[in-house]
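Construct all of the structure, not just a fragment, from the sequences and the given hints.
Chains as they are written, first to last, in the working numbering: chain V, 1 to 83; chain R, 1 to 366; chain W, 1 to 387.
Simulated from the structure, these hints should not be mistaken for laboratory data. Please note that a few of the clues may not be correct.
[As the list claims (entries may be wrong)] In the PhoX-like style, the derived pairs of lysine-lysine whose C-alpha atoms are separated by at most 20 Å in a straight line are:
#1 W/K321 / W/K334
#2 V/K29 / W/K109
#3 W/K158 / W/K296
#4 R/K165 / W/K109
#5 W/K321 / V/K29
[Said to hold, decoys possible] Take a look, some chain R residues computed to stay more than 12 Å from chain V by CB distance:
#6 V19
#7 I29
#8 S121
#9 E288
Quantities reported herein were computed from a predicted structural model and do not represent experimental measurements. By construction, the Cβ of each residue, glycine as well, lies at the ideal position given by its N, Cα and C atoms.
So you can see what is in the structure, the chains are spelled out below.
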Amino acid sequence: MELRPHDQAVVDLGGIRKEISIALVADVKVGDYVIVHVGHAIGTIDPEEAERTLALFAEMARLNEERDSKPHAAGSVGAEVLS
Amino acid sequence: MRTDIDQPASGEAPAHRPVKKNYTRPLDIKHGRIDMGHGAGGKAAAQLIDELFVAAFDNPYLRQGDDGAVLPLPGQGRLVVATDAHVVSPLFFPGGDVGCLSVHGTVNDVAMSGATPLWLSASFILEEGFPLIELQRIVRSMAKAAQEAGVPIVTGDTKVVEKGKGDGVFISTTGIGVVPPGVEISGRNARAGDVLLLSGTVGDHGVAVLSQRESLAFETTIESDTAALHTLVAAMLAAAPGAVRVLRDPTRGGLATTLNEIARQSGVGMLLQEAAIPVRPQVDAACELLGLDPLYVANEGKLVAVCAPEAAEAVLAAMRAHPLGAEAARIGEVTTDPHHFVQMATRFGGRRVVDWLSGEQLPRIC
Amino acid sequence: MKYIDEFRDGELAKQIGARIAAEVHPDRSYSFMEFCGGHTHAISRYGVMELLPANVKMVHGPGCPVCVLPIGRIDQAIGLALAQGAIVCTYGDTMRVPASESLSLIRAKARGGDIRMVYSAADALALARQNPQREVVFFAIGFETTTPPTALTLQLAKREGLGNFSVLCCHVLTPSAITHILESPEVREFGTVPIDGFVGPAHVSIVIGSGPYEHFAEEYRKPVVIAGFEPLDVMQAILMLVRQVNEGRAHVENQFTRAVTTEGNLKAQALVSEVFELRPSFEWRGLGEVPYSALKIREAYADFDAERRFSLTYRPVADNKACECGAILRGVKKPTDCKIFGTVCTPENPVGSCMVSSEGACAAHYSYGRFHDIPVVTATAIEEATP
Numbered sequence: 001m002e003l004r005p006h007d008q009a010v011v012d013l014g015g016i017r018k019e020i021s022i023a024l025v026a027d028v029k030v031g032d033y034v035i036v037h038v039g040h041a042i043g044t045i046d047p048e049e050a051e052r053t054l055a056l057f058a059e060m061a062r063l064n065e066e067r068d069s070k071p072h073a074a075g076s077v078g079a080e081v082l083s
Numbered sequence: 001m002r003t004d005i006d007q008p009a010s011g012e013a014p015a016h017r018p019v020k021k022n023y024t025r026p027l028d029i030k031h032g033r034i035d036m037g038h039g040a041g042g043k044a045a046a047q048l049i050d051e052l053f054v055a056a057f058d059n060p061y062l063r064q065g066d067d068g069a070v071l072p073l074p075g076q077g078r079l080v081v082a083t084d085a086h087v088v089s090p091l092f093f094p095g096g097d098v099g100c101l102s103v104h105g106t107v108n109d110v111a112m113s114g115a116t117p118l119w120l121s122a123s124f125i126l127e128e129g130f131p132l133i134e135l136q137r138i139v140r141s142m143a144k145a146a147q148e149a150g151v152p153i154v155t156g157d158t159k160v161v162e163k164g165k166g167d168g169v170f171i172s173t174t175g176i177g178v179v180p181p182g183v184e185i186s187g188r189n190a191r192a193g194d195v196l197l198l199s200g201t202v203g204d205h206g207v208a209v210l211s212q213r214e215s216l217a218f219e220t221t222i223e224s225d226t227a228a229l230h231t232l233v234a235a236m237l238a239a240a241p242g243a244v245r246v247l248r249d250p251t252r253g254g255l256a257t258t259l260n261e262i263a264r265q266s267g268v269g270m271l272l273q274e275a276a277i278p279v280r281p282q283v284d285a286a287c288e289l290l291g292l293d294p295l296y297v298a299n300e301g302k303l304v305a306v307c308a309p310e311a312a313e314a315v316l317a318a319m320r321a322h323p324l325g326a327e328a329a330r331i332g333e334v335t336t337d338p339h340h341f342v343q344m345a346t347r348f349g350g351r352r353v354v355d356w357l358s359g360e361q362l363p364r365i366c
Numbered sequence: 001m002k003y004i005d006e007f008r009d010g011e012l013a014k015q016i017g018a019r020i021a022a023e024v025h026p027d028r029s030y031s032f033m034e035f036c037g038g039h040t041h042a043i044s045r046y047g048v049m050e051l052l053p054a055n056v057k058m059v060h061g062p063g064c065p066v067c068v069l070p071i072g073r074i075d076q077a078i079g080l081a082l083a084q085g086a087i088v089c090t091y092g093d094t095m096r097v098p099a100s101e102s103l104s105l106i107r108a109k110a111r112g113g114d115i116r117m118v119y120s121a122a123d124a125l126a127l128a129r130q131n132p133q134r135e136v137v138f139f140a141i142g143f144e145t146t147t148p149p150t151a152l153t154l155q156l157a158k159r160e161g162l163g164n165f166s167v168l169c170c171h172v173l174t175p176s177a178i179t180h181i182l183e184s185p186e187v188r189e190f191g192t193v194p195i196d197g198f199v200g201p202a203h204v205s206i207v208i209g210s211g212p213y214e215h216f217a218e219e220y221r222k223p224v225v226i227a228g229f230e231p232l233d234v235m236q237a238i239l240m241l242v243r244q245v246n247e248g249r250a251h252v253e254n255q256f257t258r259a260v261t262t263e264g265n266l267k268a269q270a271l272v273s274e275v276f277e278l279r280p281s282f283e284w285r286g287l288g289e290v291p292y293s294a295l296k297i298r299e300a301y302a303d304f305d306a307e308r309r310f311s312l313t314y315r316p317v318a319d320n321k322a323c324e325c326g327a328i329l330r331g332v333k334k335p336t337d338c339k340i341f342g343t344v345c346t347p348e349n350p351v352g353s354c355m356v357s358s359e360g361a362c363a364a365h366y367s368y369g370r371f372h373d374i375p376v377v378t379a380t381a382i383e384e385a386t387p
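Below is the structure:
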């Protein structure tokens, strides 16, 4: 992703490049991933959290294998509890 | 169209050089524009036709110089006639323009009956003020497309409308072809158990056109797939005579609309495999950005075929051997379904209905 | 596509589906409401329901801003185009919503109204700059996700002193919608579906954060799990909800940790509060008047408020009597419960707004889920059945 003047930036999605506004997000740097909606970036993606979420999915697969080979084991929820 | 323009010497010739007899000031293609005179049917119109159209399309029929072309009747088989109007905006897009599109579109319509396209006619509606240099570009593109396809443009017409009443150029083409005896290809013929074959990636043309529209402005390497498919069709029919039951090219409305049309015409259902439908990654990404579904995006150089299951392998091999079918794939099968649903097993593992397009495909908002 | 394809993996989907099947109690049913258009779409397009056990039901709440737009507001927009000759710009789906006198924005366009579809509020601003002699009105709809871009546009318009630009503000707020569902007086008339928990919206939460949902968890003792808009996100969120229900918990949990924080996008929120303020009341299609559920333009930006500039009055218009959008938006009825679903009311000729947007419950069901209602037989099955 490149930064452009007047709060614009060029994002790349699978080879397609489009200019969008980043006026709504603070501290965006080249190389960041953003979520785009109606021509504006509305938030950035935290790569660590993304990996953590994907790891959680993989854990599901592992739990299922365990389940199939022994009695039901309760899994843990890796996401944030907030209240 | 008349080609015998006889004009006295132009008054603007420099005085010291003798002016040739029958000198006619040629069209100023570089800077000239269409004006109402070009549509009046008089000398200006004739000059436009002669120097722009006939010069590009040149063939024996056009040189006859009559209002209609006199063509030989084919010996055997039946005549196929198809017509199409082309109002694409913008006129020029990555991979093509309205000119070659108008040739390919009608050649393909004729070919979808299993016919060999023979001749084309072309009718132009030009907007006052349209630059001649762009018109020439379009006409030359048509001529090239027609020549490469081996289908000459044998007759035509031009009209001019006032500024503001047209979008630059509208082109309408009609094609005539011959389908040999014994070849029965129609949207009515699909039967449960038949195999669905697609000649290549979907969504390319629509995305290429959208990328040019001002309000979208994104840089992409996607080009329109506009192409004449009649030689691909010939190869397919030769590979397995009698096995191909339906042929159709998924233009406006995309693959989804075409399949629904066939399902309804034949009174059957369909089951597609999403993972088998080829889509270029950039087309996928562009559709993602715009909230569009590639299944509903227009194509101009692809076809879908319904063929008997025992011949599917042979037909697919013939497609893949042809340059326009290199990425051909088997995408599903025809089912029995009184409701004529086109269903799809999604890559995700679920199932959904792929319905008709409703209205124009508008992007979602959340 | 990074951060997209990984979240659509079919293998992982099966695994999560198996997990959910393993953990649901077989003797009870689970009903979860989602109110994010992106979720409605993801569930339909990817066929998520197929991967869930039969006793888990998803209910579509009022997550589609187009669907909750009342007829009276579309009439205002149409009036601006036809009567006032303004260029009216809006997002795509709004164009087809049916309004009074068999009109819609797209039909008004056919009658000569200068109505244009834009992909972004900034496009509307650009139109105003390009057409200084015409009035340009941006018909702004959407939940908290689309509000910051509109706010930005108003700021820019003020800074540039664009005298011909104004906004018809119909932005609505998500939490109000949910509260209204849970405790409105109409609940007596329509009844209410026992909802066990909520799948929190994806994009909206990026902007407002997860904080605002704590109210629902506490007040109504319902778990809320904020989910990303990819199908795997939705499935994982469902699993998390099932677990909360089984354990008798009612917390706000965040599945969409890669994009949602507790406080949300503060920069966007500040922008919105500078330009907009709460309306005391606003009509939602199918839900009636809902207090403190929508935004209007502040006094400081009054010059750019289309309602003030054109002295618009709001006239509420009742829905077609046969239309069940109201009940469907509440999750009380299913699209198939509506007498005119699929016959009189189709995506081609929508009678109510649930059929217009692909995120509307009726349109989503019509396009993707209808086949569930009718069994389909394949040729091989017939062959196997006949001796």
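Now the hints, each set against the structure:
1. W/K321 / W/K334: Measuring from Cα to Cα gives roughly 17 Å; hence the hint holds.
2. V/K29 / W/K109: 42 Å, violated
3. W/K158 / W/K296: 16 Å, holds
4. R/K165 / W/K109: The hint holds at about 17 Å.
5. W/K321 / V/K29: The hint is violated at about 53 Å.
6. V19: Holds, since 56 Å exceeds 12 Å.
7. I29: With a cut-off of 12 Å, R/I29 remains clear of chain V, as the shortest Cβ separation is near 35 Å.
8. S121: Given a closest Cβ separation of 39 Å, the condition holds.
9. E288: 6 Å, violated
When held up to the earlier numbered hints, the structure conflicts with 2, 5 and 9 and fits the remainder.
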